[in-house]
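Novice: Here are the chains, one letter per residue:
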Amino acid sequence: MHEEIIFAGFGGQGVLFAGQLLAYTALEEGRHVTWIPSYGPEMRGGTANCTVVVSDEPIGSPVCLHPSIAVVFNNPSLEKYEPLVKPGGLLIVNQSLMVAAPQRADLEIVLVPATEIATEIGQVRATNMILFGALLARRPLVRVETVRAVLQDKLGARKAHLHEINMAALERGLAIGRPVFSE
Amino acid sequence: MHEEIIFAGFGGQGVLFAGQLLAYTALEEGRHVTWIPSYGPEMRGGTANCTVVVSDEPIGSPVCLHPSIAVVFNNPSLEKYEPLVKPGGLLIVNQSLMVAAPQRADLEIVLVPATEIATEIGQVRATNMILFGALLARRPLVRVETVRAVLQDKLGARKAHLHEINMAALERGLAIGRPVFSE
Amino acid sequence: MARGRIEINEDNCKGCTLCTIACPQGVIVMATDHPSAKGYYPAMFVDPEGQCTGCALCAVACPDVCITVYRQVPAKTRPQEAAV
Amino acid sequence: MARGRIEINEDNCKGCTLCTIACPQGVIVMATDHPSAKGYYPAMFVDPEGQCTGCALCAVACPDVCITVYRQVPAKTRPQEAAV
Amino acid sequence: MAVELLKGNVALAEAAIRAGVEAYFGYPITPQTELLEHMAQRMPELGRAFVQAESELAAINMVYGAACAGARAMTSSSSPGISLMQEGFSYIAGSEVPAVVVDIMRGGPGLGNIQPSQADYFQVTRSAGHGDYHPIVLAPASVQEAIDLMVLAFDLADKYRHVVLVVADGLIGQMMEPAELPPMRPLRAERPDWALTGAQGRAPRIITSLELDAPALEEVNNRLQAKLREIREHEQRYAEQMVEDARLVVVGYGTAGRIAQTAVRQARREGMRVGLFRPITLWPFPERRLSRLADRVDAFLVVEMNAGQMLDDVRLAAGGQVPVDFYGRTGGMVPVPEEIYEAISALYRKLPDSARWGE
Amino acid sequence: MAVELLKGNVALAEAAIRAGVEAYFGYPITPQTELLEHMAQRMPELGRAFVQAESELAAINMVYGAACAGARAMTSSSSPGISLMQEGFSYIAGSEVPAVVVDIMRGGPGLGNIQPSQADYFQVTRSAGHGDYHPIVLAPASVQEAIDLMVLAFDLADKYRHVVLVVADGLIGQMMEPAELPPMRPLRAERPDWALTGAQGRAPRIITSLELDAPALEEVNNRLQAKLREIREHEQRYAEQMVEDARLVVVGYGTAGRIAQTAVRQARREGMRVGLFRPITLWPFPERRLSRLADRVDAFLVVEMNAGQMLDDVRLAAGGQVPVDFYGRTGGMVPVPEEIYEAISALYRKLPDSARWGE
Amino acid sequence: MMVAETVLEEQVVYARPASLRDVPTHYCPGCTHGVAHRLVAEVLDELGIRERTIGVSPVGCAVFAYKYFNTDGCEAAHGRAPAMATGIKRVRPDMVVFTYQGDGDLAAIGTGEIIHAATRGELFTTIFINNAIYGMTGGQMAPTTLPGQYTSSSPAGRDVETAGFPIRMAEVIAGLPGAAYVARRSLHNVKEIMKAKKAIRTAFKVQLAGLGFSMVELLSACPTNWSMSPPEAMRWIEEAMVPYYPLGDFKVAEGVEALLKER
Amino acid sequence: MMVAETVLEEQVVYARPASLRDVPTHYCPGCTHGVAHRLVAEVLDELGIRERTIGVSPVGCAVFAYKYFNTDGCEAAHGRAPAMATGIKRVRPDMVVFTYQGDGDLAAIGTGEIIHAATRGELFTTIFINNAIYGMTGGQMAPTTLPGQYTSSSPAGRDVETAGFPIRMAEVIAGLPGAAYVARRSLHNVKEIMKAKKAIRTAFKVQLAGLGFSMVELLSACPTNWSMSPPEAMRWIEEAMVPYYPLGDFKVAEGVEALLKER
Ligand SMILES: Cc1ncc(C[n+]2csc(CCOP(=O)(O)OP(=O)(O)O)c2C)c(N)n1
Ligand SMILES: Cc1ncc(C[n+]2csc(CCOP(=O)(O)OP(=O)(O)O)c2C)c(N)n1
Ligand code: SF4
Ligand code: SF4
Ligand code: SF4
Ligand code: SF4
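Chains as they are written, first to last, in this note's numbering: chain A, 1 to 183; chain B, 1 to 183; chain C, 1 to 84; chain D, 1 to 84; chain E, 1 to 359; chain F, 1 to 359; chain G, 1 to 263; chain H, 1 to 263.
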């Protein structure tokens, strides 16, 4: 297994955390992994994205031109990354902030009304978990149980109360992502 | 003709000026010439010396380990340069500040009581001209007439009154330097 | 009192809310629904009762120079410069 | 008044003359004949009439720490430190 | 210690702490700031010295001071800040005190940008500042190697009383990767016997780079050159892969070397006899090994994130025996494996029909 | 103009004035101070700008400012001061504005001493500061050449909108030699069309080295590299003597080259077929000519007042074809002709019995 | 028709000044760099000097100031804007030159340059943005960070024992003989913004009159790195910064008094 | 025997302090660098701290100070002595650390370093030699050169229009919160020399007490570059320098008062 996943959106949408969560979980499951953010002087209000590589082999390049998976949190990111995903790759889109639907026929595309659902479940900051769930539904890169354990660990005692709602969001994403529903 | 002359003494004894006067004069007479001072942070009270190269050919190195001529204004300079002069070279010594007489047998040595004479003629600062005169007596590197003209030029109007006394000092040096008197 | 009106450049607005605080008439409110292309919820001029006096305080406060202020002045009278 | 005496380290002396100015008794003079090895005309202690009081002012003034000052004090009495 | 997911900058900082750094002095600059921030948190906790200096100039001179006092001291910065430290490096080298500096390089020249780059190669390997010397320069290609080389940096600095630079780029600085930190070493109990510790019961010690007398300064330089020769003799480090039968060897360090690895594997899959040579010490450059490889390969391809700087060193090591080709990206552009692969195959196609030493 | 006896530092200053320098900014440092002092006297007399800056850092950035405003501007310093200007050089190069800098090198590393040296070769030719570029570097060997190259420096700076360094050492700076100054050029009447002159009736102009976007900064770098290639193509300069039939060619620049000349003449007198190659541009290094010489000589002897820096460039140009030997003095020691002669004859004795291309 | 009716006409009473280009800035929401920019631009407009002004941008969040001002501009190395401005002004005394600098830029790495430009009485104007933090690099302690203030490089709050007390640059510069006008203002509300503009205008007039160096220090908000909402940030300026950094004129040299009275 | 006769014994009342090595200095005749050295050495002796002192030499005529003080010592880069001293003191708070700097070193190239060391309240002592000139490089204008003063880089006399007025560093440093004791003294005659010593002693005591940064500025003669005889130089300090650079204590922080009263 060797996947290159880009998470992209606005700053503040939990984009980087989603990537880290994947990275931590993959490490937990004994995979090789790298996580790298785009970094710029405009960290606020600008775009935020990160690349995660998960592999069974030692990882050479932690960056790539053509990711096999892109998870886009907003419209500018959709516009930027849709053309870049590898043919046959996966594109997860936050439908709530999408302006026009993606056009590529050679991609597996999942539209997730993530911001809406997050608002609905009362935690707009959990948008990232919904999209992450959809991703896992299509590509079981890591096991949900491991995500649960890692999340618990990362949230720590101080933020333990956020654990359930985040996992609930993940489940919603998993549900939506499951091929039977969206294709 | 190719001569490498070192002038050496205390700061304030007119060491550098003697060398420059030679350089200017040699240039006036169409020779190739370089003048270079030793320079250091201790410009005052320390030692001062300069190297003049006069040649009929374009000059490669403006510095040398073994000068063909050394004009030493004080005892430390005598101690330093006596051993360095080329065999067969010329050593002009300010006898007034000499502690022990030079020993080398392979040099042409001229002892000049320069400080005494300068004091005698009422211009202690003309010590350098006396030694320069002695040098010219032994090695007619430039003509005295040219020196006179160049000196006039360099002194300018403001210091014109010093011209005669300096030339007088030069003459005294010439007289002392003349082989018949000192050998 | 002269009547006024403002225009807010929503593309440049970053939703900082400072104009809403500066406005003595309370006629600027923040959007809450759809974010702008840059992801901000911009300020909006909501003045159904025509309370805006054109005092330009909002414009003075705005760090992003998003606000253009208009005021009704007697015709043929040179408008005063804003008291800035 | 206690009687004193100084020693001048002629090798270190640079002939600045500051000690001669500092000395209230006028017992320091500058050499005029032979320069030191470094080419300076050093200060000399010339006190035939024993006027030096050992006040150490010359030593305080000397930038080259050339001057050692001695003073006659009653035996068994610890010498006072110089008033420096 | 266990394997954790660590950010390069943080890993470098924590590794330095565990290697026993007593004093950190630094000035913020992207993309190395997390290193300074980690130090700001940890050093005071541990009762060690942390000062956010007023500038990079001040920072390097604080390091110089602390080093003179016998402490393990370091600073970190990025390219423009490193330019400002050049005079300081030269003083430290001239005084022969140990110091460790991290340079997380960014795109230049000038203010440039903050994206990953390797354009400081010349300014760090050739003589950082005026005078005749080379700092020791270590270039990690992963977070784990960053940790290992950080520890090594302190040991080499102490051993040779010399400036050691650990150079990486924003990619390594910002990347998170699984890595294992070393155990915490106790701080050195004794000050070295050349350090300034107050002249109690002994003659005063002086640390200076000043020697007005030219013959004496030449002596100093001779000693320095002898030390550099010794370093050159003993400290050349590199990693290599699949070079045994390689006709083409890709040479790249740090991030460029790491990315090249993906391209080299790809080329192997396509049946090309390609290997990878990754210098770990940029100075001393691993010329001995590279010269030996030059005896039997058909070509080198140098890959750098600059316009061709290590290229000179490869050409010098190759000694005109084999062609040395170059592929570089500048301005903060990170080459992707695909483009290096392209460069490899283009060059490979041009190789003579039979290998240099027969098939 | 007539031949006068001129001190190198003064000649450099006066030549700059006659070349039309409008602004001088500098900070005192031996052995270049006479240059600053001459400027302090002359520039105000001529109604031009002279500022004694608070530091070398300030000085180079003042030059940068004046250059942005379209003025011919310069500074001068010596090795440690040049180290402090590295960041500034990099900004100037990145912004593509013309600037001229004189470096009268001294012994290092660190504070070192003030005696003549050539130990800044690396720091000036390799990339002064961070980023990918080389300044143009001119190295005079006499007072007359110092004058000529000073004038050329301004012209090249303007032509390429680039940093140009004139590097010499204390010997050339302090020496008096007969030389002729050029006539006074009128100051440039018009500002160049890229200069900041106030946006009157036109769109604002911006001068910056910042380009946050990596592809855009790569573009900047590509342009810069193209310019450097052009300079490399057109501006290689050197002087040579008696190389036609030489079996051994001594390579030395500036003072070392000049002193070597005496030794080479001596060797010729002794019947050795020895020539002298003196690079005048250190960057671009006159590699083309030197490579051609490498085709037919039996050996090169590099002579430098450092531990061997240009040596790399000679080895690169020689491309492994001929042995390259080195003779250097460091720490402010100036080699005398005798010792270079010794080095020549020792190497000459080791040459193969027959010349490379037959007798 | 009854009583005389005034005919009303709509006119623009506030619009973007011509000296500010019509482009969005990269500043964070609520960042008062934007206010400072606008004030400078308004002053350039009002004094009619846009077309002979050269701005010098710093390294800091205002690094792109040259893109926002509709004047010629350049980008200095970190802290060296005053040196660059010196170079420009010395060869173009007919130009109006200003530097725009943050507190890391001016009060840390560029301390020497600003002090000596002021000491020499260079005839340019400095707009000094004191936001008590390094904005662009992500919120490290600045020389102006308040005692106890949390930043990413003073995670336990600025400890004055090891990091010292914040420096008051306006007062330091005011003490230098070459400085003709030095003031501190704040940008935390409309009233203070108006006062700030007046000071900026005075500073440029001082330059135009050739009276000496002029500088206006502006207390400015960095909501992002202070981790505050913009309104909270404005309150923090008022309640925490102003008490440590008093507002006022710190140097009014001979000849400046008269300018202060104008308008 | 008649009246009681006091038996007199000759004792040394003034000799070279142990903290000063018995070597000749390279200073010019009449240069008061020598006096400043001696005073520092006497203070080290009297406070009994020679064996735990580390001195930091500047780049300037005092570059060899480390050879003259009988303490551990090192040589800083030009202007960076305060940074170097910071590095030393932070890792060896038990040591007594001092920098010895000229006016080019401290007030020009090293402005940033001294200001920030003082701002941080670094616990070392600075001896600042203000001789209104760059001595070592042969007499160029310093930031402290008086208006109209001739130097080799102000051959027509310092022109305040282009070079600005001289900077008063003691006053600048005194304004910084981290500075605990800042004084200016002069070395032009015996009386002033004695006062200078007292200030130096106070400065070191401030360091020993951990009260903050301490600095003594000393007006010092450079007869060589002023082209004066030593006595003329002393008069010039008194008549030209002291009026511009008033003598006195410019900062006496809490806790320092008590030290001033001692002895
Ligand atoms: C020589 C150098 N050092 C450090 C940096 C990194 N850097 C960029 S901006 C900045 C400081 C910004 O802070 P400030 O001046 O307070 O301005 P603000 O961003 O808060 O407006 C620093 C340290 C740099 N670019 N160059
Ligand atoms: C970076 C650098 N710049 C310049 C110099 C040259 N330099 C040596 S001493 C000195 C200044 C000395 O003046 P000051 O500090 O006033 O001390 P003084 O000699 O008068 O005691 C200078 C500029 C240097 N060594 N290093
Ligand atoms: S002040 Fe400006 S940027 Fe802020 S909310 Fe109002 S219009 Fe938008
Ligand atoms: S003060 Fe000292 S150096 Fe000066 S003359 Fe007297 S003894 Fe000599
Ligand atoms: S980081 Fe702070 S100073 Fe920078 S733009 Fe954002 S709010 Fe403004
Ligand atoms: S040059 Fe001046 S400061 Fe330096 S030693 Fe001589 S008199 Fe003293």
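Since the hints were derived computationally from the structure, they do not count as laboratory data.
Just so we're clear, the structure is a prediction, and the values are computed from it rather than from any experiment.
Take the hints with a grain of salt, since some may be wrong.
Derived DSSO-like pairs (lysine-lysine); straight-line CA-CA distance at most 30 angstroms [to be verified]:
(1) G:K67 x F:K159
(2) E:K350 x F:K159
(3) H:K198 x H:K67
Okay, the calculated bits of chain H under chain G, using three or more residues with CB under 8 angstroms as the criterion [as the list claims (entries may be wrong)]:
(4) 170–177
(5) 230–242
We put the beta carbon where it would ideally sit given N, CA and C, even for glycine.
Novice: Identify every previously stated hint that the structure contradicts and give their numbers, smallest first.
Specialist: 2 and 5
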